[in-house]
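Student: Assembly of the complex is requested from the two constituent chains, each provided in isolation within its own frame, with the hints serving as guidance.
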Amino acid sequence: MNSVILQIAEKYIRWLLLFFALTALLRGHHFPGGGFIAGLLAGLAVVFRSLAYSEEKVFRDFPVRPVTLLSAGLIMILLSFLPAWLTNRPFMTGVWVKPVLPLAGELKLGTPLVFDTGIFLSVTGVILLFLFSLKIPEKWK
Amino acid sequence: MNTAAALPILIPLVLMIIMIINRSDTLARWTGVAGSLLLLACSVYLFATVRHSGILTLQAGGWRAPFGITLVIDLFSGLMLMAGSVILVAVSVFSVRFIREDCCNNRFYVFFFSLAMGLNGSFITGDLFNLFVWFEVLLLSSFVLITYGSTPQQLKGGVKYLALNLLGSLFFLAGTGLFYGETGTLNMARLAELLREGEYSASLNVSAILIFVAFGIKGAVFPFHFWLPASYHTPNITITSLFAGLLSKVGVYAMIRVFTLLFMHDQVFWQHLFLVVAGLTMVIGGMAATAQYETRRVLSYHIISQIGYMVMGLGIYTPLGIAGALFFMIHNMLAKTAAFMVAGLIRRVKGSYELMEIGGLYRERPLLAVLFIVPAFALAGVPPLSGFFAKFILIKAGLEDGHYWITAMAVFTAMLTLFSMIKIWNEAFLKKTPGNHPGINPPVRLNWIDLFPPAFLGSLSILMGLFAGPVFRFALEAARVLTNVSPYIESVIYGLSP
Chain A
1 MNSVILQIAE KYIRWLLLFF ALTALLRGHH FPGGGFIAGL LAGLAVVFRS LAYSEEKVFR
61 DFPVRPVTLL SAGLIMILLS FLPAWLTNRP FMTGVWVKPV LPLAGELKLG TPLVFDTGIF
121 LSVTGVILLF LFSLKIPEKW K
Chain B
1 MNTAAALPIL IPLVLMIIMI INRSDTLARW TGVAGSLLLL ACSVYLFATV RHSGILTLQA
61 GGWRAPFGIT LVIDLFSGLM LMAGSVILVA VSVFSVRFIR EDCCNNRFYV FFFSLAMGLN
121 GSFITGDLFN LFVWFEVLLL SSFVLITYGS TPQQLKGGVK YLALNLLGSL FFLAGTGLFY
181 GETGTLNMAR LAELLREGEY SASLNVSAIL IFVAFGIKGA VFPFHFWLPA SYHTPNITIT
241 SLFAGLLSKV GVYAMIRVFT LLFMHDQVFW QHLFLVVAGL TMVIGGMAAT AQYETRRVLS
301 YHIISQIGYM VMGLGIYTPL GIAGALFFMI HNMLAKTAAF MVAGLIRRVK GSYELMEIGG
361 LYRERPLLAV LFIVPAFALA GVPPLSGFFA KFILIKAGLE DGHYWITAMA VFTAMLTLFS
421 MIKIWNEAFL KKTPGNHPGI NPPVRLNWID LFPPAFLGSL SILMGLFAGP VFRFALEAAR
481 VLTNVSPYIE SVIYGLSP
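Quick note, the sequences are listed as chains A and B, same order.
Take the working numbering: the last position of the first sequence gets the number 141, and nothing is skipped along the way.
Take the working numbering: the last position of the second sequence gets the number 498, and nothing is skipped along the way.
Isolated chain B (complex conformation) (with noise of 0.2 Å):
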């Protein structure tokens, strides 16, 4: 049977309940590192065997596929479940010394998981309405961490989040009603099946729009960006780290479902509105990078520059520049997590993320300087990391298909990306440590967990810049499978195992 589609969903959910019944704070971190490592398992094995055996559905109840609630696993869903997975296992074992500072850590625990379960769910669900709710599940948990400490400013933060989001999930709610009003079904598999049929596609231009603009808002693209540096960088750095490498590419996961499966037969219009938005991503996100002169507000405006890359992927449209945009999510969610790690580390070691404020970091800690050049180059592009391959894929999508410009913007991008982590570098590593800020003494030790999930993270980048012919087959096969959708229909409506 396939119950075992439904694992990455009822995992989170059970070990919720058991620290919602237990809460003793220790259990609850020792659950949190067990329980993640078990959903990154959980997650290789349903890859594993989709890789093996095809896309995998499963018909809640046994209801028919236009009818009941259908999760289907393919090999897109399939990467990003184990991607998701090593990124919650990384932040897992780096919260057990950092959240410490605040109260109640077993309330982390299970809206880490509570996070973690509406990640899983957005990842397998095949039904545009339950996307809408795993969206919510999502939002409505990381409102609660990003408003973990409850101070004021986080809670400035949180509201600007929370307001925005809710406004992208009252977009999606509403073109997803429109699709219901037209269609009557609101399953993926069987609403791609009827635009095919092309009877629809008219009057779903609205409905279309509205959900690129619900998706835009989630996935912090151009000109629904805003609420992404405005609320990053005030919860714990944990919380910063694990939103970096999940919350945006769950919009940008569920742009790249969406729109290959549903849109793309009014190709033409959706290219150019998709490669527009993601030049204006890119060098907007990638310029405002350039004049912050806080650790974590330049990541988090690299965050945008980045989505750019992805739509762009999306924008080429052909399996090349899919893959692209898949191997690049993969590659951003590992490089940016770390990156956040280390500027966590950093206040940590030198008690501030102003730039102006801390230096001389190269000499005192030479190891943090590895852990911060390796996702650093990594996100500039620099061979052999994983950030790299993942531009020169886009790149040479973009120049086979002809989309000069968007190339060229993607490049000055790199050059951009390049000079801010240098900047970082420059500032928090290689000058004197100013002498109005003598920073924290006596030196803070860091031992070796809160150094291991930065490590692990950028040996993965390295392993993934390496071995990237593998990694990059592997995102091919998968952008065929979302460029040509006919095997995803036929597995959800008719290849049904009751």
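In isolation and in its complexed conformation, chain A is listed as follows (with noise of 0.2 Å):
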């Protein structure tokens, strides 16, 4: 498709998908949301992008391989598990640091927002993943 409108469109929509992605990854812990809903997300702002062009132009335009998002997320998978293993605590134990910031207040850190990270850059990859091997069969090899 090559329609003018929806090239213009996509610009902000792109930018707006991917601000609630965000949104949905960081309050996921304890709000409806989390890493699943924010890949989905993401991958759809990547869609879109592709309806307004063409897979070939954003899978040429892309920064990283699918396949690495994936990877990069299971990673951070297995390293969410880690704190709790070294620690001695229970295994997926959450690990949380407390930093107290001089205006915001307290920012809970901890290992599930790892988890959450992982499973939303592989949830993404996944998409990208589908997206791309379905209509460009011989880029995935």
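Simulated from the structure, these hints should not be mistaken for lab results.
Take these hints with a grain of salt, some might be off.
Here's a subset of chain A near chain B, in silico, CB distances under 8 Å, partners left out [stated by the list, open to error]: (1) H30; (2) L70; (3) W85; (4) L86; (5) T87.
Backbone N, C-alpha and C define an ideal beta-carbon position, used for all residues, glycine too.
Tutor: The structure is reproduced here in structure tokens:
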């Protein structure tokens, strides 16, 4: 498809989708959201771009290979198990650090965030993999 | 800490990630062998731990039992983990030479370990919904494997397999959902505790039947067995032998686990149902096998007939009967996988699976004849191989408890099995090579990598027959834990160590 309206709209909607993805990822542990949904939203941004232009162009311009995203995500998931294991707590226990920032107050960082980010990356990677390998099969070998 | 209990899931996951990142086929091949050996070592260690210090539980994230995700390893899980990893080791060695026919080996091993992960996950989970999830992992990876060569025939078989198994998953999910609505928990130990208090027993029968149908489909039990022979003869023989050893046994494992824990308080009904289904499964599978003239199909129908024996053990529902079912399961995993592997070797040597087109192997390949006769006679139940003791225990349990009909059927089916094994023996090994099918020329050389896996499994089957006593003792111990569930409940719900 080669529609100017869609291409202009895509420029704004892309950032909107990515912003929502980030929001869903960060609020995920205590509220509805999380890595899976964030990954779907981010994947949607790329799918939308490929509708506005073409899969080949998006694939060419895309900074990393989908498999790299997928592998990075899986490795992050594994890494998130390590802190609990090393500190001898039950498997997959969340380990938190809570630094207090000057203006914003307490910031909660922990292994669940690492885990969710891993999910986010691998879901995004898988969606891109689907998109590219269905549309341009010879690129995926 | 009990983190070790998660290793059977974590090891395949890590190996999969390694193979997704590095796509070298050589690396994948050797990772396959090394990884399966690692899994075997890990499961032996876990079994020893369970035997030494009782049921091993892991509450993920330190969340207490009915709320969090629970992994439980008791003796039954431990035994199944070990038997499963033995099959994985044998198949991974076998695949080194046999998978090479197709392209992109790397992907085979990714899904090989994905299957291993689903398998181990179903063996050690303590939660009904997680069992469903592991079944899905297993189903998806086996679907990819079954359509691995992407020939039209494989896709046809694969779609039948997928459709019927998805239907099974649907039933399972519906049953699980009803359970959750009624009791508010899906932790199996907690469910068992609630059901023993007896308040829910009447209204949960629907869900019990749904779950029975689901496991029946997964395990290829009589009225739901037709997907198995429709799909098992299509893929590469490595994959068929992997499936023959593992897939339907997971269904039976789940059946034994869930029904001993949850539903056996309504004993009369379930015992009858199980025994009737078991008898029909045995006889119909056995009779269908005698009508086949393709090695893989004969063996596929045999899987069904032998699932019947395992269900019979569950139906008898004495410690001896369940021990017999466990013994039979382990024996069957070893012997069946070995038999399929030999079928693959015959195909490699003679170029066909059709019994009509092959012959003369006894003279040409005496070693292959030995490799075939061990699992074949083990399946038929000839002493001193493992199958004899497996059937002996079941028949003894049946007679002791007064189930004469089913015992008679078991003996009759043993005859049918013997008959079809002798048929393969006569056709493939004894008779002369048919004149119009001269086979492959020049003759194919088999090297030790081809012969090792069936020899390994066959010798394990012989050892299991020779040392039937100790193996039976393990099985009996595991069966005692299954029939008396309070230790299981206590160690999951109360014995936590955060």
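Student: A separate judgement is required for each hint: does it hold in the structure or not?
Tutor: Structure-based check of all given hints:
For the restraint placing H30 of chain A at the interface with chain B, the shortest Cβ-Cβ distance is roughly 15 Å, beyond the 8 Å limit, so the hint is violated. Below 8 Å, beta-carbon pairs count as interface contacts, and L70 of chain A has one with chain B at about 7 Å; its hint therefore holds. A distance limit of 8 Å between C-beta atoms decides the matter here; for W85 of chain A the minimum to chain B is near 6 Å, and the interface restraint holds. For L86 of chain A, the interface hint is violated, the least distance from its beta-carbon to any beta-carbon of chain B being 11 Å, above 8 Å.
The interface hint given for T87 of chain A is violated, since its Cβ lies 10 Å from the closest Cβ of chain B, which is over the 8 Å cut-off.
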